[in-house]
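K.L.:
Spelled out, the chains give:
Number of protein chains: 2
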Amino acid sequence: MSGGWLRVVGLGPGSAGLLVPEAAAWLAQASDLVGYAPYIARVTQTEGQIRHASDNREELARARHALAMAADGRRVAVVSGGDPGVFAMASAVFEALEAGPVAWRALDIAVVPGISAMFAAAARLGAPLGADFCAISLSDNLKPWPVLEARLRAVAGAGLVIALYNARSQARPDLLGQAFDVLRDVLPGRVPVVLAHSISRPEERLETSTLADIDPTRADMRTLVLIGTEATRVIERPDAAPFLYAPRFVEAR
Amino acid sequence: MSGGWLRVVGLGPGSAGLLVPEAAAWLAQASDLVGYAPYIARVTQTEGQIRHASDNREELARARHALAMAADGRRVAVVSGGDPGVFAMASAVFEALEAGPVAWRALDIAVVPGISAMFAAAARLGAPLGADFCAISLSDNLKPWPVLEARLRAVAGAGLVIALYNARSQARPDLLGQAFDVLRDVLPGRVPVVLAHSISRPEERLETSTLADIDPTRADMRTLVLIGTEATRVIERPDAAPFLYAPRFVEAR
Chain F
1 MSGGWLRVVG LGPGSAGLLV PEAAAWLAQA SDLVGYAPYI ARVTQTEGQI RHASDNREEL
61 ARARHALAMA ADGRRVAVVS GGDPGVFAMA SAVFEALEAG PVAWRALDIA VVPGISAMFA
121 AAARLGAPLG ADFCAISLSD NLKPWPVLEA RLRAVAGAGL VIALYNARSQ ARPDLLGQAF
181 DVLRDVLPGR VPVVLAHSIS RPEERLETST LADIDPTRAD MRTLVLIGTE ATRVIERPDA
241 APFLYAPRFV EAR
Chain A
1001 MSGGWLRVVG LGPGSAGLLV PEAAAWLAQA SDLVGYAPYI ARVTQTEGQI RHASDNREEL
1061 ARARHALAMA ADGRRVAVVS GGDPGVFAMA SAVFEALEAG PVAWRALDIA VVPGISAMFA
1121 AAARLGAPLG ADFCAISLSD NLKPWPVLEA RLRAVAGAGL VIALYNARSQ ARPDLLGQAF
1181 DVLRDVLPGR VPVVLAHSIS RPEERLETST LADIDPTRAD MRTLVLIGTE ATRVIERPDA
1241 APFLYAPRFV EAR
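Residue numbers (the working numbering), protein chains in the order written: chain F, 1 to 253; chain A, 1001 to 1253.
For reference, chain F alone in the conformation it holds in the complex:
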């Protein structure tokens, strides 16, 4: 069977207003949707479309299944929250592609970007990512702690704003607190820290604190954690949350 394709599609942070039209178009044309159940549930149902919802820990099996269906002539959309290339399904799809039958490499495969959580959170806050920044995943099942610790020290020491993904889970509840301990070794306690929950969804919530005072138990797996720098500015406002921004100019140290 020919005519099959696979698109790895980013759903953005949640609201329809932040889903790019190109993603919406592929979702509407797909014969099969593949992904973690809560993301699949966000997609508008199309008649005849088959939904293959799975557990969050089955990324590679899900990717293989999607590729096999595309090879069978199906029109397959693999869905991720945010941007599929940021700690989401795209890497798993290409890992499965590389390990799979050589014939899969001739398939029509493409990735459609989306608004990742850190940009949705940053937009709500002002411009906290307006200078050099990095994105680091706290998934320690994918990365040994010494590697993670070295990365946190390097980026904080170099003055980058930090966005932490996969901040906290029941399987590793203490990791975020350990990460804050490492950062307190390098950065002053007054550095702003924000816990951003479900930005653009009805349950949206932003908690702004400092590195000295932040309580890691306030975060869960859906929390994006933003850690500013010594340069991050806070603009107080009447009757509204303060704006945070990163100045464009960096002074010599």
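Note that these hints are calculated values from the structure, not bench results. Note that the structure is predicted; figures quoted are calculated from it, not measured. Heads up, the beta-carbon is just placed ideally off N, CA and C, and yes, glycines get one too. A hint or two may mislead.
What the hints assert, rightly or not - Coverage of chain A stretches by chain F, computed from C-beta distances (three or more under 8 Å per stretch; other residues unrestricted):
no. : stretch
1   : 1103 to 1113
2   : 1156 to 1168
3   : 1232 to 1242
Based on the hints, put chain A in the right spot on chain F.
P.N.:
Frame of chain F; chain A shown alone:
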């Protein structure tokens, strides 16, 4: 006059399919568009809408003008390519807000995110940002070279994928070459390097090379430079450019 507002809007990389609906809605409602002329030119003209196009070097003056118009009751959209919070107009707007009249802090101001160049480029390539990564601007008029050099050494040494913005200009044509020299000190020459030009626009062009072989004179100010890591995988394909991806698992060093 009341009812004024200011939205800092990201236009994404260029194609209409990658402009989020929320951004399109604010652009259509704006009485005034403010921004760098080539970005303003991308916006669909609305009847009666006033276009304030300016030079790229006038960010702060442009931001002050936009805030003053919003305070005057105008509906102002400040436009940036990509995401306005990533090396674009949002930081300048908040810098102008902080330095301006206190009354401006009561204005209705918000940021609408967009697809930044590195995600558009990453999507075309596969999933090169699928592990920890950073975004660094090479604007040395905003940042002294020693700070930039230290940041490049830190992030490359820590194993992060690197996206370089504002990679090259006529005013500082040698900076990108100097940055590659620093990175070659830290990373092996076989690390993939991609120059991504005008992704999603008709003139889109991707050049994939290695850190050993890359020619910095191939880049200009509109080029996004992606530098992989030792772990970056390359999947060769028949009759198509190879896919690049970052494996999800990181091994201990």
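K.L.:
For each hint, tell me whether it holds in the structure or not.
P.N.:
Checked hints:
no. : hint         : result
1   : 1103 to 1113 : holds (count 7)
2   : 1156 to 1168 : holds (count 4)
3   : 1232 to 1242 : holds (count 6)
The structure is consistent with each of the numbered hints, conforming to all of them.
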